[in-house]
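There are 2 protein chains.
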Amino acid sequence: MFRTHNCGELRLNDAGQEVTLSGWVQAGRDFGGLTFVDLRDRYGITQVVFDSDDDAALTERARKLGREWVVQVTGTVRERTNKNPNRPTGDVEILARDLQVLNKSKVPPFTIEDESDGGDDLRMRYRYLDLRRSPLQRNLLFRSKLALAVRAYLSGQDFIEVETPNLIKSTPEGARDFVVPSRLNEGQFYALPQSPQTFKQLLMVAGYDRYFQIVKCFRDEDLRADRQPEFTQIDCEMAFVTQEDVLNTFEGLTRHLFREVKNIELGEFPRMPYDEAVRRYGSDKPDLRFGMELIDLNAVAQGRGFQVFDAAELVVGIRVPGKADLSRKQLDALTDWVKRPQVGAKGLVYVKCNDDGSFKSSVDKFFDQDALANWAQSAGAEKGDLLLVLSGEAEKTRTQMGTLRLHVAAEYDMIPAGEFKPLWVVDFPLLEWDEESNRFHAMHHPFTSPKREEVERMLTGDHETMKSLKADAYDLVINGAEIGGGSVRIYDRGLQEKNFQLLGFTPEEAEEQFGFLMGAFEYGAPPHAGIAFGFDRLCAVMNGQSSIRDFIAFPKNNQGRDVMIDAPSRIDTDQLRELNLKLDL
Amino acid sequence: MFRTHNCGELRLNDAGQEVTLSGWVQAGRDFGGLTFVDLRDRYGITQVVFDSDDDAALTERARKLGREWVVQVTGTVRERTNKNPNRPTGDVEILARDLQVLNKSKVPPFTIEDESDGGDDLRMRYRYLDLRRSPLQRNLLFRSKLALAVRAYLSGQDFIEVETPNLIKSTPEGARDFVVPSRLNEGQFYALPQSPQTFKQLLMVAGYDRYFQIVKCFRDEDLRADRQPEFTQIDCEMAFVTQEDVLNTFEGLTRHLFREVKNIELGEFPRMPYDEAVRRYGSDKPDLRFGMELIDLNAVAQGRGFQVFDAAELVVGIRVPGKADLSRKQLDALTDWVKRPQVGAKGLVYVKCNDDGSFKSSVDKFFDQDALANWAQSAGAEKGDLLLVLSGEAEKTRTQMGTLRLHVAAEYDMIPAGEFKPLWVVDFPLLEWDEESNRFHAMHHPFTSPKREEVERMLTGDHETMKSLKADAYDLVINGAEIGGGSVRIYDRGLQEKNFQLLGFTPEEAEEQFGFLMGAFEYGAPPHAGIAFGFDRLCAVMNGQSSIRDFIAFPKNNQGRDVMIDAPSRIDTDQLRELNLKLDL
Numbered sequence: 024m025f026r027t028h029n030c031g032e033l034r035l036n037d038a039g040q041e042v043t044l045s046g047w048v049q050a051g052r053d054f055g056g057l058t059f060v061d062l063r064d065r066y067g068i069t070q071v072v073f074d075s076d077d078d079a080a081l082t083e084r085a086r087k088l089g090r091e092w093v094v095q096v097t098g099t100v101r102e103r104t105n106k107n108p109n110r111p112t113g114d115v116e117i118l119a120r121d122l123q124v125l126n127k128s129k130v131p132p133f134t135i136e137d138e139s140d141g142g143d144d145l146r147m148r149y150r151y152l153d154l155r156r157s158p159l160q161r162n163l164l165f166r167s168k169l170a171l172a173v174r175a176y177l178s179g180q181d182f183i184e185v186e187t188p189n190l191i192k193s194t195p196e197g198a199r200d201f202v203v204p205s206r207l208n209e210g211q212f213y214a215l216p217q218s219p220q221t222f223k224q225l226l227m228v229a230g231y232d233r234y235f236q237i238v239k240c241f242r243d244e245d246l247r248a249d250r251q252p253e254f255t256q257i258d259c260e261m262a263f264v265t266q267e268d269v270l271n272t273f274e275g276l277t278r279h280l281f282r283e284v285k286n287i288e289l290g291e292f293p294r295m296p297y298d299e300a301v302r303r304y305g306s307d308k309p310d311l312r313f314g315m316e317l318i319d320l321n322a323v324a325q326g327r328g329f330q331v332f333d334a335a336e337l338v339v340g341i342r343v344p345g346k347a348d349l350s351r352k353q354l355d356a357l358t359d360w361v362k363r364p365q366v367g368a369k370g371l372v373y374v375k376c377n378d379d380g381s382f383k384s385s386v387d388k389f390f391d392q393d394a395l396a397n398w399a400q401s402a403g404a405e406k407g408d409l410l411l412v413l414s415g416e417a418e419k420t421r422t423q424m425g426t427l428r429l430h431v432a433a434e435y436d437m438i439p440a441g442e443f444k445p446l447w448v449v450d451f452p453l454l455e456w457d458e459e460s461n462r463f464h465a466m467h468h469p470f471t472s473p474k475r476e477e478v479e480r481m482l483t484g485d486h487e488t489m490k491s492l493k494a495d496a497y498d499l500v501i502n503g504a505e506i507g508g509g510s511v512r513i514y515d516r517g518l519q520e521k522n523f524q525l526l527g528f529t530p531e532e533a534e535e536q537f538g539f540l541m542g543a544f545e546y547g548a549p550p551h552a553g554i555a556f557g558f559d560r561l562c563a564v565m566n567g568q569s570s571i572r573d574f575i576a577f578p579k580n581n582q583g584r585d586v587m588i589d590a591p592s593r594i595d596t597d598q599l600r601e602l603n604l605k606l607d608l
Numbered sequence: 024m025f026r027t028h029n030c031g032e033l034r035l036n037d038a039g040q041e042v043t044l045s046g047w048v049q050a051g052r053d054f055g056g057l058t059f060v061d062l063r064d065r066y067g068i069t070q071v072v073f074d075s076d077d078d079a080a081l082t083e084r085a086r087k088l089g090r091e092w093v094v095q096v097t098g099t100v101r102e103r104t105n106k107n108p109n110r111p112t113g114d115v116e117i118l119a120r121d122l123q124v125l126n127k128s129k130v131p132p133f134t135i136e137d138e139s140d141g142g143d144d145l146r147m148r149y150r151y152l153d154l155r156r157s158p159l160q161r162n163l164l165f166r167s168k169l170a171l172a173v174r175a176y177l178s179g180q181d182f183i184e185v186e187t188p189n190l191i192k193s194t195p196e197g198a199r200d201f202v203v204p205s206r207l208n209e210g211q212f213y214a215l216p217q218s219p220q221t222f223k224q225l226l227m228v229a230g231y232d233r234y235f236q237i238v239k240c241f242r243d244e245d246l247r248a249d250r251q252p253e254f255t256q257i258d259c260e261m262a263f264v265t266q267e268d269v270l271n272t273f274e275g276l277t278r279h280l281f282r283e284v285k286n287i288e289l290g291e292f293p294r295m296p297y298d299e300a301v302r303r304y305g306s307d308k309p310d311l312r313f314g315m316e317l318i319d320l321n322a323v324a325q326g327r328g329f330q331v332f333d334a335a336e337l338v339v340g341i342r343v344p345g346k347a348d349l350s351r352k353q354l355d356a357l358t359d360w361v362k363r364p365q366v367g368a369k370g371l372v373y374v375k376c377n378d379d380g381s382f383k384s385s386v387d388k389f390f391d392q393d394a395l396a397n398w399a400q401s402a403g404a405e406k407g408d409l410l411l412v413l414s415g416e417a418e419k420t421r422t423q424m425g426t427l428r429l430h431v432a433a434e435y436d437m438i439p440a441g442e443f444k445p446l447w448v449v450d451f452p453l454l455e456w457d458e459e460s461n462r463f464h465a466m467h468h469p470f471t472s473p474k475r476e477e478v479e480r481m482l483t484g485d486h487e488t489m490k491s492l493k494a495d496a497y498d499l500v501i502n503g504a505e506i507g508g509g510s511v512r513i514y515d516r517g518l519q520e521k522n523f524q525l526l527g528f529t530p531e532e533a534e535e536q537f538g539f540l541m542g543a544f545e546y547g548a549p550p551h552a553g554i555a556f557g558f559d560r561l562c563a564v565m566n567g568q569s570s571i572r573d574f575i576a577f578p579k580n581n582q583g584r585d586v587m588i589d590a591p592s593r594i595d596t597d598q599l600r601e602l603n604l605k606l607d608l
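Residue numbers (our numbering), protein chains in the order written: chain A, 24 to 608; chain B, 24 to 608.
If you're looking for bench data, these hints aren't it; they were derived computationally from the structure. Each hint should be verified, as a subset may be incorrect.
Since copy identity is lost for identical chains, a pair holds within one copy or between any two.
To be verified - Computed cross-link-like contacts, EDC-like style, restricted to lysine to aspartate or glutamate with a CA-CA straight-line distance of at most 16 Å: (1) K406 to D379; (2) K129 to D515; (3) K106 to D387; (4) K239 to E253; (5) K369 to E83; (6) K493 to E532; (7) K369 to E535.
Keep in mind the model is a prediction, meaning the values are calculated, not measured.
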């Protein structure tokens with residue numbers, strides 16, 4: 024037996040007991056004839072003391088232990104003279120009478136502390152050492168606990184967890200599929216699922232009524248910061264429901280999770296139509312933890328001879344409270360920031376509402392104090408506030424301003440810590456016109472239904488009508504992060520065919536790729552709707568963290584490689600030959 | 024709103040209430056002016072009645088409903104005159120006042136009943152209809168409930184569920200890897216995991232102490248009956264434990280599952296060394312629900328001039344109780360059965376212990392009544408019993424007899440129904456000598472540790488010594504099915520290197536393929552051990568079923584295709600070109 028207790032559980036009332044602990048040497052120090060060793064495992068840290076008066080040889084061996092060595096210690100629990108109130112085990116120590124080294128350790132390349140001195144590359148390369156650090160252990164424990172809470176809650180609501188296959192037929196969804204050559208079917212390929220969408224719809228057709236799954240999904244996208252090629256979804260589908268039922272069920276789940284795992288009461292989630300979100304926040308996932316809503320300034324800004332504004336479809340501003348004192352340098356930095364290609368604005372106009380009632384702006388040449396006072400009034404700005412103004416094509420400019428709003432809030436620490444602001448964004452458009460490819464894309468996905476009252480318009484309307492169709496599609500947003508999204512689905516073959524047609528599929532293509540689903544619709548498909556939550560993101564957001572990477576045990580790095588496992592690897596030619604790849608490149 | 028209640032919940036005390044139900048039309052029948060419709064969903068069946076005296080038009084519409092149409096009915100709950108005691112809802116019916124057809128259905132290709140009239144192919148092709156049948160719904164609900172119970176139990180024992188990656192480095196394990204071309208890493212491939220083995224060991228090095236995961240694994244094997252290319256494991260690993268700890272923990276889990284989900288008390292699991300299992304049952308996964316142990320007959324069968332026995336390394340028999348009355352035809356069928364290439368025996372000898380005390384055997388020419396009486400005594404056979412005897416090379420013959428033992432028990436219904444006989448098989452050999460390839464294979468896997476007291480022999484012994492090394496490796500067997508297997512692992516770099524060397528790896532190959540793990544062993548790897556349960560198999564065995572396929576929502580058929588999804592598919596050349604496949608075939 025390696026231990027009688029773990030390193031986190033001994034207390035004062037265990038004093039006098041003989042115990043055996045195993046763990047890692049966190050730290051050691053000598054003091055007089057005593058040697059103290061902090062022994063660490065997942066559960067905590069316990070102090071072990073070796074007394075050279077008791078056993079000089081044993082103490083000598085303890086002195087030679089190194090950091091991260093794995094040892095087993097037997098001894099007697101006793102009260103500490105020098106208690107450590109910051110540790111649950113801080114009232115006691117083990118007076119050692121035996122020590123066994125279970126495994127040695129090289130000197131770790133960085134310290135195993137809450138704040139590590141390891142750089143990102145080193146931490147990723149030695150992920151097993153990084154994962155020993157408390158913050159990461161807390162994150163992964165949180166994730167495990169959260170998954171359990173999700174399952175318990177949904178099972179309690181009659182949801183059944185069904186595993187859907189990972190080796191499936193390739194279907195054109197949003198992103199690129201990972202493909203898997205099939206040895207048994209010469210020249211053919213499986214795809215890894217981007218989501219279990221069609222399978223969960225088939226489960227509804229099969230009468231499973233309420234399905235969920237916490238499931239890995241795969242997208243062969245270019246790796247960007249915080250995007251992983253494999254990610255985890257809480258995937259759900261319900262039959263005989265309306266949008267209202269789905270929203271209530273998953274608002275219930277989310278509230279339950281915050282209550283159960285974070286002890287936070289969220290209250291009722293507000294709802295906002297997509298159009299309103301874009302108008303007020305320049306984003307379909309507004310962060311409601313702070314104000315700075317977008318203000319339409321066309322009425323006060325145009326017609327004054329400033330060519331840039333006059334030519335613009337939209338002049339839009341935000342009021343940054345109390346920031347009239349930004350320096351020239353700070354304002355220049357903001358201007359540079361909006362001009363970055365990722366944002367794409369041509370320039371940034373500011374108006375400072377000075378404490379003395381005067382205004383200072385970057386467009387003083389065109390706007391006198393009265394005109395600027397007008398702006399300020401339109402924006403509800405008061406003395407000490409700063410207005411930031413962008414102009415241009417309406418949609419783009421709103422998006423740019425939405426991005427700037429987030430940047431300013433983060434840059435100037437205007438986001439209250441520890442707050443959670445959930446929001447349902449509803450009434451998404453069904454289709455999105457893509458100028459570049461000259462075709463419609465599905466805003467959510469091709470299985471999303473138009474609102475019931477829009478079906479007639481969809482079946483009979485013209486091109487412009489299609490652009491205005493709304494869907495029963497919804498996103499759950501928390502603190503500006505998209506946690507989940509879903510929709511009411513089409514369950515009628517004819518309507519699904521029409522949708523594929525609008526999306527540019529020929530009837531043959533639609534049949535070949537989705538015939539199995541449309542066929543199922545002909546055998547008694549119930550009305551159904553669903554939602555999927557990004558589980559990695561939910562973990563991060565619930566802990567107030569912006570990166571998902573430290574909630575994943577073995578993430579991929581930016582080259583798509585597993586940390587230290589260094590996947591993928593070159594497989595040998597024999598193996599490939601056996602796959603009978605008929606590639607015809 | 025589509026429903027106020029589901030089709031399984033209305034009872035007599037709901038009488039008088041107005042309700043709305045939605046579901047599938049299971050059956051309809053007309054009786055006088057009444058039309059009865061059985062409405063079905065996952066939760067049950069409720070009878071709906073339409074009365075033409077009340078509403079002739081409505082009843083006319085009800086008459087025209089077809090099987091599997093999806094309808095919504097509103098009406099009043101009332102007591103049935105003709106109660107159906109076989110249905111929880113059988114005391115009531117709904118007197119309908121409104122009917123809406125939500126979706127029609129073509130006539131299904133087979134009936135949606137417990138015993139379907141659909142053949143296997145049809146049932147697989149229309150899996151969404153097959154999945155509507157009660158037995159399958161029960162199976163998948165069972166699976167969901169079982170997974171929940173596993174997670175609750177293990178979490179309660181401080182296990183943390185950690186998701187390990189699916190796109191990993193290819194490592195040579197037992198079976199062939201599925202590979203996934205990487206677009207970002209030209210000419211390189213990910214592999215899909217055959218198990219999360221190395222990742223869970225890294226988690227132990229990382230101090231996670233107790234890990235589990237219910238996880239999909241992948242093996243690109245030729246499809247045989249009841250073997251799926253993707254399958255689900257309950258995968259576990261523990262640090263600072265011995266074999267004893269693992270066995271106790273997972274015996275606890277298994278007992279809990281049977282108690283919780285099946286209401287069956289299993290009691291303590293017996294343990295049997297591998298050598299004993301093979302000797303007594305001719306199998307490393309003996310089915311203990313019935314006797315018929317293997318009996319060594321060399322002493323009584325050899326030296327009597329029967330060349331076949333005399334030349335054999337082993338003569339081995341089983342006593343089939345009460346089967347002396349098998350006919351010539353039945354015995355011939357058994358002989359043919361053992362001669363099939365899958366079994367590979369040369370012939371089968373029988374001895375009938377007749378009720379009159381005489382013996383009748385297929386080798387009467389060589390053995391007189393006294394000699395056969397001797398056999399019977401050795402085998403503990405009584406009047407009315409049958410002895411079946413095989414001979415040949417010892418190991419092969421035992422295996423053949425183990426197979427025959429199972430076949431006879433199944434064929435002649437000698438396996439008691441509803442019984443569960445768990446067994447730990449322990450003390451597996453570490454290595455297996457393969458004559459064909461002239462090398463050692465790992466009996467469990469290359470990370471398995473020899474028993475502690477065998478380490479010295481392993482590091483210093485000769486070739487023959489290696490064959491006799493025992494490992495702390497164990498299997499859980501229930502009713503002759505291997506439910507799980509695991510081992511104590513190597514956690515020392517030197518010992519792991521030695522093991523790879525024995526398995527025929529050059530030091531460079533070992534380093535290239537497993538350097539990441541051996542490197543981790545140098546940074547404070549704790550002693551650890553683990554186990555994995557086959558979740559699909561566990562589901563089937565707990566329900567007394569031999570096939571796993573009906574516990575999987577969307578299994579692959581024998582061509583490795585998803586039922587009706589018909590994966591894999593040919594992906595287009597552009598997509599392949601983009602993958603930059605440098606195949607060099």
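Comparing the hints with the structure gives:
1. K406 to D379: within (7 Å within a copy, 117 Å between copies)
2. K129 to D515: Intra 64 Å, inter 13 Å, cutoff 16 Å: inter-copy only.
3. K106 to D387: neither (66 Å within a copy, 87 Å between copies)
4. K239 to E253: Both: 6 Å inside a chain and 14 Å across chains, each within 16 Å.
5. K369 to E83: neither (71 Å within a copy, 69 Å between copies)
6. K493 to E532: neither (25 Å within a copy, 59 Å between copies)
7. K369 to E535: neither (46 Å within a copy, 52 Å between copies)
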